[in-house]
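Student: Sequence:
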Amino acid sequence: MSVLIVDDNERMRETIREVVQQLHPDIHQCADGASAVALYERMRPDWVLMDVAMDGMNGVEATRRIRAADPNARVVIVTDHDSAAYRHAAREAGACAFVPKADLTKLLDVIERNPERDV
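If you use this note's numbering, the sequence shown corresponds to residues 1 to 119, in order.
Please keep in mind that the hints were generated in silico from the structure rather than gathered at the bench. Source: prediction; values computed, not measured. There could be a bad hint or two in this list.
[Unchecked claim] Okay, the calculated beta carbon distance ranges per label pair: (1) 71 / 102: 26 to 32 Å; (2) 105 / 1: 16 to 22 Å; (3) 11 / 92: 27 to 33 Å; (4) 26 / 105: 19 to 25 Å; (5) 108 / 9: 19 to 25 Å; (6) 71 / 42: 16 to 22 Å; (7) 18 / 53: 17 to 23 Å; (8) 26 / 113: 18 to 24 Å; (9) 25 / 83: 32 to 38 Å; (10) 26 / 83: 28 to 34 Å; (11) 2 / 113: 15 to 21 Å.
Note that beta-carbon positions come from the ideal geometry of N, C-alpha and C, so glycine has one too.
Let the sequences and hints guide you as you build the complete structure.
Tutor: Structure, rendered in structure tokens:
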């Protein structure tokens, strides 16, 4: 199993890595949406943990492109921006779950539950 962590903050990528590495030791990282789309196409990871607010292509657009290329892709939005508008945008883009960065332990629950849709 493999995971792609997408966040423009290196420290946050490492924090997320520490949380999920016990479940999935094959972890890759990148810092923006465009890189996420390219890496997804090349690697086809089992999970994508996607930030929303990034320079260039944001996480919602990257999620939309990944899901267009692979309707079975499992993208979890991991963000500080927890609002109804962001949740709606994530759902519309095809994210399977939405986890606030304030409670990263929920990532483990989401991955272990293996959701089809929990946004």
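Student: Mind listing which of the numbered hints don't hold for this structure, in increasing order?
Tutor: none
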